[in-house]
Amino acid sequence: MTTEELKQVMTDLLPSSTFDETGEFLNVIIPSEELLPVMKTLRNREDLFFDYLFCLTCVDWKDHLMMVYFLNSRTHNHTIVIKAKITDTINPQIESLFSIWPTAELNEDEVFDLFGVKFLNHPNLRRLFLEEDWVGYPLRKNYEDEHMIEL
Amino acid sequence: MLFEPDHYNEEGEFVVNMGPQHPSTHGVLRLKVWLDGETIKKVEPHLGYIHRSIEKMTESLSYRQFIYVTSRMDYLSAHINNQVCALVVEKALQVEVPARAQAIRVILAELTRISSHLLWFASIGLDLGGVTPFFYAFREREAINSLMDENCGARLTQNFMVPGGIMKDVLPNFQQRVKEVLKQFKDNYHEYDEILTGNVIFQNRLKGVGILTKEDAIAFGCTGPTARASGLNCDIRKLYPYDGYEKLQFDEITSTGGDCWARYEVRMAEMKQSVKIIEQLIDNIPEGEIVGNTKKVIKLPKGEFYQRVETARGELGVYIVSDGGTTPYRCKYRSPNFANLSAIPHIARGHKIGDLISIMATIDLIIPDIDR
Amino acid sequence: MDVKDKMEFPGQVHETPDGGFILSKLDDIINWARSNSLWPLAFGTSCCAIEMMQTVNAKYDWSRFGFEVMRATPRQADLIIVSGTITMKMAPVLKRLYDQMPDPKYVIAMGACTISGGPFFYNTYSVVKGIDHIIPVDVFIPGCPPRPEALLHSMITLQEKIKHETYFKKETK
Amino acid sequence: MHTWLKNAIPNATGLLITEMVITGVILLVFLILLAFFLGYMERKVAAFMEIRLGPNRVGPKGTLQIVADTLKLLFKEGFTPDAADKFLFNLAPGIIITTALLAIAPVAFARDFQIWDINIGVLYISSVSSMAVIGILMAGWSSSNKYSLIGAMRSGAQIVSYELSIGLSLISIVILSGSLSLNDIVESQANGWWILKGHIPVVIAFVIFIIASTAEINRAPFDLVEADQELTGGFNTEYAGMKFAMFLMAEYINLFVVSAVAATIFLGGWMPFHLGNLTGFNHIMDFIPSSIWFFGKTFFIIFIIMQFRWTFPRLRIDQLLNLEWKYLLPISMVNVLLATLMAIMGWHF
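Chains as they are written, first to last, in our numbering: chain A, 24 to 174; chain B, 4 to 375; chain C, 31 to 203; chain D, 30 to 378.
Derived from the structure by calculation, the hints contain no laboratory data.
Worth double-checking, as some hints may not be accurate.
[To be verified] Partial list, computed: chain A residues near chain C (C-beta under 10 Å):
(1) Pro54
(2) Pro60
(3) Val61
(4) Asp168
(5) Met171
[Claimed, not checked] The calculated DSS-like cross-link candidates involving lysine-lysine, where the alpha carbons are at most 27 Å apart (straight line), are:
(6) B:Lys217 with B:Lys305
(7) D:Lys175 with B:Lys35
(8) B:Lys275 with C:Lys89
(9) C:Lys125 with B:Lys35
(10) B:Lys298 with B:Lys241
[To be verified] Among chain D residues calculated to face chain B with C-beta under 10 Å, some are:
(11) Ser208
(12) Asp252
(13) Ile334
(14) Arg338
(15) Trp339
(16) Phe341
(17) Gln348
(18) Lys355
By construction, the Cβ of each residue, glycine as well, lies at the ideal position given by its N, Cα and C atoms.
Please construct the entire structure, taking both the sequences and the accompanying hints into account.
Structure, rendered in structure tokens:
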């Protein structure tokens, strides 16, 4: 599918989604509550069939957190970027995608570790890289650490 | 058993920690393994023993500097790691890379791929208990490293890329040296087959072990030789060509077995394809500039950029969010090993301890690339 | 502290500068054995480990000096070559490995990361800035990563250091 | 020497004890030197296989390398983990090295040069050598380490299974030569070694014996008990210093013992190379001392077993047991039947 068709599909699917086409791929920004049903449709519908989640990360925009999901379809070979906006930065929460793509498990652990986003219905949410008793989430912009020597 | 010696748990399972210091984990991966006798019931990876906060560092490095930190991520594909960073900056700035720089980049990248696969060959022998292949493979690796040393100034972490091209021109005898290295590799290739491929014990250790189906490979996001051994066409050099790969003739090696043996065969055949690529280029390196038109201080336009390359282990992506400044606002590396690792707990279940070693050896993990 | 002042030795004691002829010869033999049989622990965290493996290979071949036997278990190792970055999470493991080794034990810090954190000195939250914060180091090798020749040189330097150790000799004050 | 001692010490018991002590000391010194030599040989064979030089700095051509290693291990901290069962932990290396030493008693090193001429030598060797598993189990269990425990359990399964094949392959020669005494077996090869006589059961038995004895002494490709890459050292993970050196020494002595037994039973031991009734040729061969024949054959087999180690990858535990129970054991049983048939019909010579 071309970018235009994907845009049409996404508008039909979720009228509240907004688009951003500055980058290489089509970026779709959706509210975080709608994530799971949208993703399920994207994964399971025959003409979309996004079976390959190749990058999952988060960006801290100071006033909100943005989950970024890069989806690709191995059969149709089209790519889409889904962004879910989490406005609550104190106690961010979002649905886990483990049930759709198993690769999300470790990726979500990583995001939880470095950004503090809690994933609901995640099978084994833990700090992946840092010790369990680590204070703070290092990739947040407001992270402070007295041991960190800044250039 | 170096960590958390919790004995039999409530269900009567025997829990063994492999790692962080364990000879077969190729670094500091820690796998918590639940055993029933010799049979594996569950595997849980514990990471972070070499988490060096590269992504946080990158946020304070300029676009010229951040390339070189990535050499330390997947140090066996150091050159290809640098390439992806250079490519993403070029893509954002829309800089044209001179043809000469592209050709040299590709030659060095393929040499890196060969040397990386050679190290994998060495370590698979070592992991399965045969020490001798290690020395055979390192003989050729040493030749490639010396070549890198002469031209780039470093043996392992070459740091030869700049945004827009390469840092220096290669030496005048570069072509001749590359041909020597390739000749040595091709002359000795049959020895690898003789010592490992034809060995019955070795085949029995790998055949039918750790089967990863095509569907699982997609679902776990596996890429590189690991996924291609399951029949998935995922070579970025073919799907999304960069640096002139579209002009080159080479085959994407796939296999349908999905087991350790298929992964072994795919990697062995890939080395030959890399030789083929280099042979096409080595006599036709164009003359001309080596660096495109870039400014001293690079500022990326506001926006988000994603670029992927095929390293020796799979698809490496870099995702850069720029706010228009001289440093990235956020940088994320989509590491091939991280995704490949997530498949291990799934495919190791029900196998023996010895099979876990085979699986880890054929998936070929580089831990600093997982942890970053 | 000084036992000799309180206890009288029955008989005559002839003071010699380094503990007498036999003991110093025995010392030399022990030091010779120790310095020529350094068994490293198979321990590598990152890039430097690859250069360590290159040192094993046929071109550099550290087995010539008797470093051949790489032991996987710290109990049987004499030497730990810390090859690669040590992170905050790895630091307790490294300390534990060091503690598990029986005496005498030696440490080589290989590469810039182990000396000071190297390329990961600034703006990182998880890297130990030099392993001498955790365990005592005998020989440092700079480089990122150091060449195999540098590793061989460091091991020969360590051999020389061991040859001046004392097992029986009195400490000279 | 016996008569000289008899004159010096009239008391029979005293004589016996003195002789035993002298033999023991000579044997121990000999075996320690042997273990040194085998260690050096192993490294040089490894270097030869791996296109490198091997030890060459310590002493002339690196010959003192193993001496340095042993001295170092001797002066290293002797270490017993807190959680270990201290009595068993310290006893295990002793047991392993004792069984290794015991098995050497009936082997004839040269013509009429034997420590103990026992008339059931074959039985004695196979029974004593299988006792090593007790030491390994003890070491693995008492270390209170999970890797050690897995290694010890593996060794239990492995050694007990392969003991069967060793026994059966030895029995086929016993049937053909008609004696359990090692001396008689050597004598029966006066007109040609068993392996060269062209009997099919003997060739099969020889191959099985080499495979099974490699497994019995836990050498690669059957070194699952130690399996560095899987178990970081297996049963000896927690051992340090001299106790570990005893394991190493026991490994080399075991290697020597099985090679010596194979040389004695299949290659004629100290018996020179004889060809049927060619008296002239046989006389020339007799001029070469019998000890050279014995050690030549033994080291030939040691070299073969060392080459295994540096060539083959390791087997998996289930493959290891399959190999024994599904292939080696049935083949050796059929082989024994075949040998019996040959002996009854008188087809052999």
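A quick look at each hint next to the structure:
no.: 1; hint: Pro54; verdict: 32 Å, violated
no.: 2; hint: Pro60; verdict: 37 Å, violated
no.: 3; hint: Val61; verdict: 34 Å, violated
no.: 4; hint: Asp168; verdict: 5 Å, holds
no.: 5; hint: Met171; verdict: 5 Å, holds
no.: 6; hint: B:Lys217 with B:Lys305; verdict: 38 Å, violated
no.: 7; hint: D:Lys175 with B:Lys35; verdict: 13 Å, holds
no.: 8; hint: B:Lys275 with C:Lys89; verdict: 24 Å, holds
no.: 9; hint: C:Lys125 with B:Lys35; verdict: 21 Å, holds
no.: 10; hint: B:Lys298 with B:Lys241; verdict: 31 Å, violated
no.: 11; hint: Ser208; verdict: 37 Å, violated
no.: 12; hint: Asp252; verdict: 7 Å, holds
no.: 13; hint: Ile334; verdict: 15 Å, violated
no.: 14; hint: Arg338; verdict: 8 Å, holds
no.: 15; hint: Trp339; verdict: 5 Å, holds
no.: 16; hint: Phe341; verdict: 5 Å, holds
no.: 17; hint: Gln348; verdict: 6 Å, holds
no.: 18; hint: Lys355; verdict: 13 Å, violated
Hints 1, 2, 3, 6, 10, 11, 13, 18 from the list above are not met by this structure, while the remaining hints are.
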